Structures are given as C-alpha cells and as structure tokens.
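Enquirer: What follows is the residue order along each chain.
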Amino acid sequence: MRLSVDQVRCEGFGYCENEAPDLLHLDDEGDLVVDVEVLDSAQSVRAQAAARVCPVAALSVAPEANEDPSAGRA
Amino acid sequence: MTTIQPSSELDLFDDALLLEPYAAFTELRETAPAVWLSRYGMWATARHGVARTVLNDWQTFTSEKGTALTDAMNESLAGTVLSTDPPLHEKLRAVLSSRLAPKALRSLGDYVQNHADKIVEELVAAERFDAVAELAERYTVAVVAELIGVPEDVRGKLLGWGEASLNLVGIENDRYRAAFPVATEMFTWLTGVVTSDLAEGSMGRTIYNAADAGAIERHSAPSLLSAYTAAALDTTINLITGSIALFAEHAESWQRLRQDQALIPAALLESARYESPVQWASRVCVVDTDIEGVRIAEGQRIAVLLGAANRDSRQYPDADHFDIDRNPVDHLAFGYGTHGCAGQGLARLEATCMFKALAARVECFEVEGQPVRRLNNLTRGWDKLPVRIVPT
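Chains as they are written, first to last, in the working numbering: chain A, 311 to 384; chain B, 763 to 1154.
Isolated chain A (complex conformation) (with noise of 0.2 Å):
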C-alpha cells in the first residue's frame, strides 16, 4: 500500500502526525512530509487512520498498481 498527499488540499492541520508520527510529519514550514510512501501492513492499518482524521480528505492509503488490493487491510 502506498501512503500520499495531496499537496493542494493539505494546510498543514497535522491530525495525521499524531495518528502516525513514523510515517509523516509537518516541517518547519509546515509542509507535510510523507517520511513512509510504501508501507507494510501494520502501517498501513496507521496510515489508514491518519486519512482518516485528516479534516480536508487530502491523504490517501491505495494499492500498489500490482499489490492485491486486499494486501495490508487489518
């Protein structure tokens, strides 16, 4: 699974980092980085969760183009 932000829609709110701090965080500019972009199942169950919390819809947890769309669901 891989984890990604939309750039545009991120504003740096930064609920995501508290549900994955290993996997992403927001720069000294605010920015957000995504420190994780391939994820194994356990963080992506994380990931999953830091989407979810994240108030303007702009994170993404999906298959890799030739993973098994099932792969790293808990």
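If you are wondering where the hints come from, they were derived from the structure by calculation, not from laboratory data.
Hints should not be assumed to be uniformly reliable.
Listed below are several chain A residues computed to face chain B (Cβ distance under 7 Å; list not exhaustive) [what the hints assert, rightly or not]:
| no. | residue |
| --- | --- |
| 1 | V318 |
| 2 | E321 |
| 3 | G324 |
| 4 | G340 |
| 5 | A361 |
| 6 | R362 |
| 7 | V363 |
| 8 | V366 |
| 9 | A367 |
| 10 | A375 |
Here the structure is a predicted model, which is why all the values come from computation and not from measurement.
Note that the Cβ used here is the ideal one computed from N, Cα and C, for glycine as well.
For chain A, the structure is supplied; the task is to place chain B on it using the hints.
Expert: Same frame as chain A, now just chain B:
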C-alpha cells in the same frame, strides 16, 4: 405524479425542533440513508457514513450551485469561498490557509491564553455571570476582531452581522427576513472597505493584500472577509457555551479535566460532536447517483445534517452519551473534505485556552435560573446561560 421515497414531512426549522432536534434526527436516521424532506424539496442525511461520502465527493455533490437554501442567497453568494468547487475554491482558501495553520497559530498561543486568563479572573471574582455575553461572546469577539483587524467602530456590530449571515443561509422564514436589514448594513460597510481600513498584519489585511496583488479578484475580497468573520463568531461561541453547559451537567468529567488539562482537547472534540455548533451543510447533486440504494437525481439538493450524523450510533457506540474519553477524531462538527472548516485550528486554540483558564480557577459550574437557547437557521447554541461558579 410519483412521490419521492423515502420521504418525511418533518420541519427541521420549526422552533420546537431547533430546541430539541434529536428525536427527529433519530427518526430520519432510522428511515433511510437519505430522506426526501417534502417541505423543502431536498434530501437530508442523518447518517455519519453517508455524510462523509457526500462531503468528500465534491465532483458529484457540488457547492457551485450554492449551499444556501434560497435562490436569492445562492445568487448573492455565487463565486464565494463556500459556494465554489476546486480550482477556484482552492485559490480563495489559500489566501488565509497559512495564517490558520498550526505553525501560525502556535505564535498566537500566548496572546489567546492571556485573553482567556484575564476574562476568567474577572468572572471568577464576580461568581455569577451569563456565560454567553460575559464569557464566550466577549472573548471570541475580542480575539477574532483583533485577528481580522476590523476597525474599532464596527467591532460592536460583528455579532449581529455574523448571526444574520448564518440565518440567511437557511429557509425563508421569520429569522431569515429579520436578518435582511442587518445583513444589508454589513454589506454596505463591506463594499466601502479599503485595504488600509484593516489593521496591519491582520488576516483582513492579508485578504485585501492578496486582492491588490491579483492573487484573487478584487471583488472577492469583501465576501472573503465577511465569510471568515461570520464563520469565526457564533461557531466558536457555541462551542464554548455548549461545553460549559455540558461540564455543568457532567461534574465528574469537569473534575477530571481539572486534574489533567491534557484531557481538554479530546473533551472539546466530544462537546463539538455532542452538540454541533453548525447543524448542517448542503450540496447539489450534479449527476444521477445512488446513496446506498436511494436514487438521488441530478439537480436535487441534499442537506448533510452534521449534528445528526455526529449522533449516529453506527459510528459512535452509545452516541447519546457524553464521554470525554471518546476522542471522536472523525466527528463532522467542522465538516469534512474540501470545505472542511479552515478555521478549526483557531477554534480549537480559543476553546482550549478558555478551558485551561477555567480548569485552573473553577471548582465547578452551576447553571442557575433559566438558560435560553439562541434559535438560528444554521447553528445551535445558547442565548443566555446564567452560571454560578465555585472558585478553587
């Protein structure tokens, strides 16, 4: 002629329902994923999952055909931040988004906390006060007017202008008609505003600078100024007063917050979920679609009932129970998706600072006498909340 099913004749704007909406919300929620409100000729959803889907899918459920409930208001709000989709919406929102981001808000922390501390110290000395006028309104207007940078001579008018703006997005009832002359006064002032009227460094100045620089059209500046001001007042005021009423009722929860102020942010989220300051948001469907088996036709409006969706037990077990440990991070009180409240960071900062100030000085709250609800076509909150506090 076939009647649209499933449908209801419920009058959501009836005063009795505004006072006590939850039985009606349950009825709508249990009836269907979306219910046709025959009085208003629009759909309504009271379910959390459906609400999130509608708010997130702006391509199907547009804001561009207006999010107010009358043609007159939708015409006058056309092209403004609440009535646009990407890409124009992003351009308008981008004007203030960096000023409302956590980094910018951090630098405001001391200023807002000092404000809260000062007001609370005075009120603790008084012991009895109206939590609406003397606490929440006084505090919120002071902070917002300062941040927006409007001149002193209009600060006393902001509350009335804000309340009128919110009533005007609803149906054409008495509240709507009473709001018109108030909004006209606001509109007259707005059309005369020039950049130098707004305090240097203020958010209002940022808006007008953006227009002067061509980042947005010049004619967008007044409506952006009024949208963000109106959206910043009653909403935050209602969150603060709603929370005070809840902590008066749930004294054990207040004791826990006094013991551990780190619990305050989650408690405020639960308060926003439980009594949502903004009760609904509407969109128009642009293509025939299906919501969990309910056919929504192109051109039909759907009202997302935020306050109702926040009480959906499919999402929140025991939803009608106020629980400060719930931490409902995916609540809908601030909306969701592209139009998710741009100012929610500021709202949370203001509320957190106020409740930190109160937690340090107030042993408990008692509501005395008759609290009175403020009825508004869009928002839910108190008009008078007479409170007696026991100092620590």
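Enquirer: A separate judgement is required for each hint: does it hold in the structure or not?
Expert: Going down the list of hints, with the structure as the test:
1. V318: 6 Å, holds
2. E321: Check passed: Cβ of E321 of chain A comes within 5 Å of chain B, closer than 7 Å.
3. G324: 5 Å, holds
4. G340: 4 Å, holds
5. A361: Violated, about 10 Å.
6. R362: 6 Å, holds
7. V363: Since chain B brings a Cβ to about 5 Å from V363 of chain A, closer than 7 Å, the hint holds.
8. V366: 4 Å, holds
9. A367: 5 Å, holds
10. A375: Not OK, violated: A375 of chain A not within 7 Å of chain B, min 23 Å.
Violated hints for the displayed structure, listed by number in ascending order: 5, 10.
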